[in-house]
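Based on the provided sequences and hints, a complete structural model is requested.
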Amino acid sequence: MSEIRDRARRGEPLLEVSPFTNQWHDDRHTLVDLARGIESNDLPFAITEVCEDGTESDVSITMLRNLLDQFRGIELQTQRDTMLELGEIENPDQFEPYDEDWTK
558 MSEIRDRARR
568 GEPLLEVSPF
578 TNQWHDDRHT
588 LVDLARGIES
598 NDLPFAITEV
608 CEDGTESDVS
618 ITMLRNLLDQ
628 FRGIELQTQR
638 DTMLELGEIE
648 NPDQFEPYDE
658 DWTK
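Throughout, this note's numbering is defined as the position within the sequence shown, counted from one, plus 557.
Derived by calculation from the structure, the hints in this document are not laboratory data.
Any given hint could be a false lead.
[What the hints assert, rightly or not] In silico DMTMM-like cross-links for lysine to aspartate or glutamate, where the CA-CA straight-line distance does not exceed 25 Å:
| # | residue 1 | residue 2 |
| --- | --- | --- |
| 1 | 661 | 638 |
| 2 | 661 | 632 |
| 3 | 661 | 563 |
| 4 | 661 | 626 |
[To be verified] Pairwise CB distance ranges, derived in the manner of DEER restraints:
| # | residue 1 | residue 2 | range |
| --- | --- | --- | --- |
| 5 | 560 | 641 | 42 to 48 Å |
| 6 | 643 | 615 | 18 to 24 Å |
| 7 | 599 | 656 | 45 to 51 Å |
| 8 | 615 | 586 | 19 to 25 Å |
| 9 | 626 | 650 | 35 to 41 Å |
| 10 | 565 | 590 | 15 to 21 Å |
Note that the structure is predicted; figures quoted are calculated from it, not measured.
Just so you know, even glycine gets a beta-carbon here, dropped at the ideal spot from N, CA and C.
Right, here's the structure in full:
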């Protein structure tokens, strides 16, 4: 707890997440849990996005939800394209996701 308190006091991030990294399967669920906690006012956290140049910008809960939806869309597009390339489906209309929607 003291490390979390010290990091918060110094304005350092408590958690950093990069989409589609090796930990993405776990990180995406953590992001959804955080979004729920912030929406319900159970977690007094702020979320920021770090740009390539190192600058940060605040992320509203609406924007976070939109980002999660965009990430899910990228996953679905990748699944569909992979299935097409492997010949598992013949056209995009045949696509059915092989996993549950984790954004909800």
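Query raised in the report: Does residue 638 lie within 25 Å of residue 661 when you go C-alpha to C-alpha?
Result: holds (23 Å)
Query - 25 Å limit on alpha-carbon distance, applied to hinted pair residue 661 and residue 626 - result: holds (9 Å)
Report task. Could you say whether the range 15 to 21 Å given as a hint is met by the Cβ separation of residue 565 and residue 590? Result -> holds (18 Å)
Report task. Take the C-beta atom of residue 560 and the C-beta atom of residue 641, compute their distance, and say whether it sits inside 42 to 48 Å. Result -> Cβ of residue 560 to Cβ of residue 641: about 47 Å, so the range 42 to 48 Å holds.
Query raised in the report: Keeping to a limit of 25 Å between CA atoms, is the pair of residue 661 and residue 632 held or broken?
Result: Holds. Residue 661 to residue 632 sits at ~15 Å (cutoff 25 Å).
Query raised in the report: Given the hint that residue 661 pairs with residue 563, does the C-alpha gap stay at or below 25 Å?
Result: violated (32 Å)
Query raised in the report: Is it true that the C-beta distance of residue 643 to residue 615 lies inside 18 to 24 Å, as the hint says?
Result: violated (41 Å)
Requested in this report: Given the range 45 to 51 Å, decide if the beta-carbon distance of residue 599 to residue 656 lies inside it.
Outcome: The hint (45 to 51 Å, Cβ to Cβ) is violated, given that residue 599 and residue 656 are roughly 27 Å apart.
Query - Whether the CB-CB distance between residue 615 and residue 586 falls inside 19 to 25 Å - result: This hint holds: roughly 23 Å between Cβ atoms.
Query raised in the report: Between residue 626 and residue 650, does the beta-carbon spacing fit 35 to 41 Å?
Result: violated (22 Å)
Consistency note: the structure conflicts with the earlier hints numbered 3, 6, 7, 9.
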